[in-house]
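Sequences and hints are given; from them, build the entire structure.
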Amino acid sequence: MHVKINGKSEEVQGATILDLLKAKNIDPHMVAVELNSAMLERDRLATTPVKEGDQVEFLFYMGGGR
Amino acid sequence: MEFSDEQVTRYSRHILLPEVGGKGQKKIAKSRILIVGAGGLGSPAAFYLAAAGVGTIGLIDSDAVDLSNLQRQVIHQTTDLGRPKVLSAKEKINALNPDVEVVTYEDRFTSKNALELVAKYDVVIDGVDNFPAKFLINDACFFADKPLVHGGILRFDGRVTTIVPRKSACYRCVFKHPPPPGLVASCQEAGVIGVLAGIIGTIQATEALKLVLGIGRPLTDRMLDFDARRTAFREIRTRKNPHCPLCGEHPTITELFDHEPETCAVNVTSGAS
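These protein sequence lines map, in sequence, to chains Z and P.
Per numbering that gives the first Met the number 0, the first sequence starts with residue 0, numbered consecutively.
Per numbering that gives the first Met the number 0, the second sequence starts with residue 0, numbered consecutively.
Just so you know, the hints here were simulated from the structure itself, not pulled from any lab data.
Model, not experiment: these values are computed from the prediction.
Facing chain P, according to a computed beta carbon distance under 10 Å, are these residues of chain Z, among others:
1. 6
2. 56
3. 58
4. 60
Take a look, some chain Z residues computed to stay more than 12 Å from chain P by CB distance:
5. 1
6. 2
7. 11
8. 14
9. 17
10. 48
11. 49
12. 51
All residues carry an ideal CB built from backbone N, CA and C; glycine is no exception.
Structure below.
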């Protein structure tokens, strides 16, 4: 199935958004997840299915400034 | 308020712009901008806002200039080592443009002083290096109803977004709370390519000026991410989150508070972006 992750089209396997994170070794606490332009609550990552054509953004914290 | 001949010359490249003109330059001259953090992002932002003729620039920072700052904090110089950053910055601003009134606060930005401070300004620029302060600035701007230009830099990546409270997505609409301590590196532990501060800080200054002038399209409901390795910008659409703990439909944050200070240990680095 094809989804867009952070702007890049990718062929992915996995049933849920959490699976996508796991496949990339991303700790869910390190990112905010946006699915099709709406924020996805962290407690819904494991229950939200991935669908063909989904646009997923993994937004990493960026804390510096000084 | 009338400009002197000298001022007309100084700001002539602004005044020539139809979107600015004499009228816009007066708006800039009357504007009050608060820069939280006189460091990497604060340095270029302060310089360009000063050059632009912003009437009042507020600077809050409790730190002194350290040798490791000079790789990117271009408002400070070698001769400033050990001096309070706000004083060092004020001198450079006034040397560049004596028209600017610089108000310095040699203090930490906390829940105790945040609201009172932010309330005195028209626009706030986030130039801090830690999550507790970034969230606090976001909250203070929400409660004081002041537009905020958020910025962040880490390693080779930078991010800017503009927040108009109640109208556009806030920082908590995207990142509800700071990351768990030790999970995400801040620039102190992780390093940062110095010029990134210039790129992101000057975009923040651009946004602040646009807000003051009321021109163009602000960087609201969008996060602009910059990757210096590829020299590529990417825009991520955001929107107000009904579940936002601050500006959502059922807010759980109803007053300012300080998040726990960050610990410096880093267990995991964000290598997946």
